[in-house]
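Trainee: Use the sequences and the hints to build the structure in full.
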Amino acid sequence: MAPPFHTHSEVSKTLGDARAGAGIATHLKIFLFSLMACLAAQLLSANRPELLMIWLPSGLGLALAWRLGPMAVLPVGGAALAWAVLTQSHSAHPPGLFVTAAILAVAGPLFGLSVLKRLLAWKPVETHLEGMLRFLAVALLLMAPLDGLLMVLASRVFNLASFLHPIETFIGWWLIDALGVLLAAPVVNSLFEPEPAPLHSNRGGPRLLRRMQYWLQAQASIDLSALLATGLVVAAAAFLLSLGQRHLAYGIQLMAMPIAVWIAIRCNARTSAFSLLICLSALLGLRSYLVSGSLDGFDKSIEMTAVALCAALAGLIIQSAITDRRQAIERLARQSRQDMSTGLLNDRGLHAELTERLGQPSRPAYGIIGLQLTNFDALNDLCGATTALQLEQSASALLQSQVNRRVAARLSAGRFAILIDADSLAQVRQVAREFYSQLSGQLFRTENGSIRLQVSVAGLLIEPRTAVNSEDCILSLGDAQAIAASVRDPQIFVEPLSQTMIDARRAYQTKIEQLREAIREHRFRVHAQPIIDPDAPAGMLSYEALIRLVDKDGSLIRPPQFLSLAVQTQMTPIMDRGMISKVFAWLGGNPEALARTYKCSINLSGLTMSDGSIATHIREQRLLHGIPAEKIVFEITESEAIRNPTAASRLVDELKAMGFGIALDDFGTGLATFEYLKRFPIDYLKIDGSFIRNLTSSTIDEEIVISTIRVAKRLNVRTIAEHVHSEEIYRRLLELGVTRIQGNHIGEAIPLEQIFSRNEATETAFVD
185 MAPPFHTHSE VSKTLGDARA GAGIATHLKI FLFSLMACLA AQLLSANRPE
235 LLMIWLPSGL GLALAWRLGP MAVLPVGGAA LAWAVLTQSH SAHPPGLFVT
285 AAILAVAGPL FGLSVLKRLL AWKPVETHLE GMLRFLAVAL LLMAPLDGLL
335 MVLASRVFNL ASFLHPIETF IGWWLIDALG VLLAAPVVNS LFEPEPAPLH
385 SNRGGPRLLR RMQYWLQAQA SIDLSALLAT GLVVAAAAFL LSLGQRHLAY
435 GIQLMAMPIA VWIAIRCNAR TSAFSLLICL SALLGLRSYL VSGSLDGFDK
485 SIEMTAVALC AALAGLIIQS AITDRRQAIE RLARQSRQDM STGLLNDRGL
535 HAELTERLGQ PSRPAYGIIG LQLTNFDALN DLCGATTALQ LEQSASALLQ
585 SQVNRRVAAR LSAGRFAILI DADSLAQVRQ VAREFYSQLS GQLFRTENGS
635 IRLQVSVAGL LIEPRTAVNS EDCILSLGDA QAIAASVRDP QIFVEPLSQT
685 MIDARRAYQT KIEQLREAIR EHRFRVHAQP IIDPDAPAGM LSYEALIRLV
735 DKDGSLIRPP QFLSLAVQTQ MTPIMDRGMI SKVFAWLGGN PEALARTYKC
785 SINLSGLTMS DGSIATHIRE QRLLHGIPAE KIVFEITESE AIRNPTAASR
835 LVDELKAMGF GIALDDFGTG LATFEYLKRF PIDYLKIDGS FIRNLTSSTI
885 DEEIVISTIR VAKRLNVRTI AEHVHSEEIY RRLLELGVTR IQGNHIGEAI
935 PLEQIFSRNE ATETAFVD
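Position one of the sequence shown corresponds to residue 185 (my numbering), numbered consecutively onward.
Any given hint might turn out to be false.
Heads up, simulated EDC-like pairs for lysine to aspartate or glutamate below, C-alpha to C-alpha not over 20 Å straight-line [to be verified]:
1) K897 to D719
2) K301 to E352
3) K766 to E819
4) K736 to E701
5) K301 to E314
6) K815 to D867
7) K695 to E679
8) K766 to D837
9) K897 to E887
10) K213 to E377
11) K815 to D795
12) K766 to D719
13) K840 to E814
14) K815 to D837
15) K307 to D508
Everything labelled a hint here was simulated from the structure, so no lab data went into it.
Predicted model only: the values in this text are computed from it and were never measured.
Mentor: In structure tokens, the structure reads:
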């Protein structure tokens, strides 16, 4: 019957509504329908009751009792009684057959209904397969055996079918009744379900065949291919019978099994139920007429009933399993596009909808509005997850109530977007203001304090002539939201989506893709800038290793072109790892250069400092290439160290334990106190170039440099002045006591291998 039945309350409601609505007209229809089923069974048995191969009233009664209440079995029993009366007029069976037929049509369904309801009350089914297995167990192991026992008892009491042994009577009726339940109940139950869409494609094959297939599926829920296969089996059996090959004609009907499996694989529940009933009934009728004149006709009919029962059993189980799998795939597909907490689309669903709508050749003007609950995380922490979820659901309800809404989506926690019909920028701005006024400023009070909701709203007008795709649209909306969050109250920003904005965004994305490709292909090149270091022995060099990227055409990509993008896209950890590996591998492969290296400085970004495995990577590379740890100095940026002092302190301790030197880079830019000089066990302090460039013209910068030098000396930390670009600044630094100098005045960054071929006389001149 197309189980599962999902909840016990649903069953109770269905039965209650049925009892109230099932009147005389309904019972009359049931009576006529059941009588037609009994007459069909009679025709399938070649008008010989002793060759009865299927008993449909039990299945009809069970399905109707489930859907319309227990009273629905009464007209089914009446139809069985009427059928028995009609049969009696053409047979020699005693009148007891009347009572037996009515009892079988009523007792079995009521018993099965009672068991199914108890099972459902014990545990509601969750899948179609689980519901189908319950139904099959009740039909095969309870209803059919009960009807078989009743028939054996009736045979003894009323002397029915006295030529059969009681065991043969029981087995025969068990098969006949079980097959009827398995074929009739799913058909009746599917009539109460919504009309399903065909689940197999109508493409392919002759055009006339496709049209017939579509008509049969839409009108009669029958699979044409299975019907044609059954017709071929019937024709083949008739042909073999005409040749006198009766046994081969019997055997070809075993095709019932593959036909049933074929139906189950291709069709939905309704089409499968109707197709199984019609195809297996046709094969049963064929067998009845084949054996109607033979002495062992009853045995042959029972054999075919058993084959049809196995085919129906396999078909129903396979169809239920496939339905569960299909629904699971559909559920996953729906979840991949829908946000489960609000019922709106998610970011993938919004992308798909925008792609479809923006790709239409004659699309109207749209407005897309982004809504962000700015302090959503703080509200979640203060008020709890329940309040935050209710707030998001309220925001989604507000979006869904918009009259000219096309689609709405929840992009992430506290971030929403809505696509509306809009003819002008003023209309988009009006809707944005409505959202802002209804949400912004809401007060949430808790035991821990109160918080007001902060909202920023951004909108874009997408004109019909603007060539834009979904990705451009969402990225531009993100830029607009960033602007809206930065302005003062009201935090609203609405503008037309111009082609200039799209081109700029695409150029930005192109740069990002080029950067990703260069990093992915390890197109790194190491440059080095010399550092004057008085501690370096004669003939040895100190320098800072600097990363450069190489474009596809072999040209260098300068740091200003990629460093900010790398930080924004969080690709700096990959770059730092590649840089460390590249420098260590080159030094390990050039022993002479390694011997002349006094200190080689390598920068570590803020994200790299938070990478818990970077110290392990450095250790592995050092051991792999045999690099002395005392020759390497790792530079950490002061602002990043302040932002995440715990991770920075842990990394510094690990690197110091391995013997590496540590330098605090860009000191002074993070507005930090000198407390950080005591917190981190650093070896070098690099004064930021912003204080060095104006050293000779700004007394404030000079005082900052002097104080930094004084404190560094107290802490026994060596100072390095970077970005030294003139002789005047160089001389002034020497006067202040800074002897470690780096900058273009000393030497520009050049490829690492070239720094060792520089004129040593030039280096000595600077030191002197």
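Trainee: None of the hints should be skipped; say for each whether it holds.
Mentor: To see whether the hints hold, each was checked on the structure:
1. K897 to D719: Status holds; Cα separation ~15 Å.
2. K301 to E352: Status violated; Cα separation ~32 Å.
3. K766 to E819: Roughly 17 Å separates the two Cα atoms, so the pair holds.
4. K736 to E701: At roughly 9 Å apart (the allowed maximum being 20 Å), E701 and K736 satisfy the hint.
5. K301 to E314: holds, 14 Å
6. K815 to D867: Status holds; Cα separation ~13 Å.
7. K695 to E679: violated, 25 Å
8. K766 to D837: violated, 24 Å
9. K897 to E887: Satisfied, since the Cα-Cα distance of roughly 15 Å is no more than 20 Å.
10. K213 to E377: At roughly 18 Å apart (the allowed maximum being 20 Å), E377 and K213 satisfy the hint.
11. K815 to D795: violated, 23 Å
12. K766 to D719: violated, 26 Å
13. K840 to E814: The hint holds at about 10 Å.
14. K815 to D837: holds, 17 Å
15. K307 to D508: holds, 18 Å
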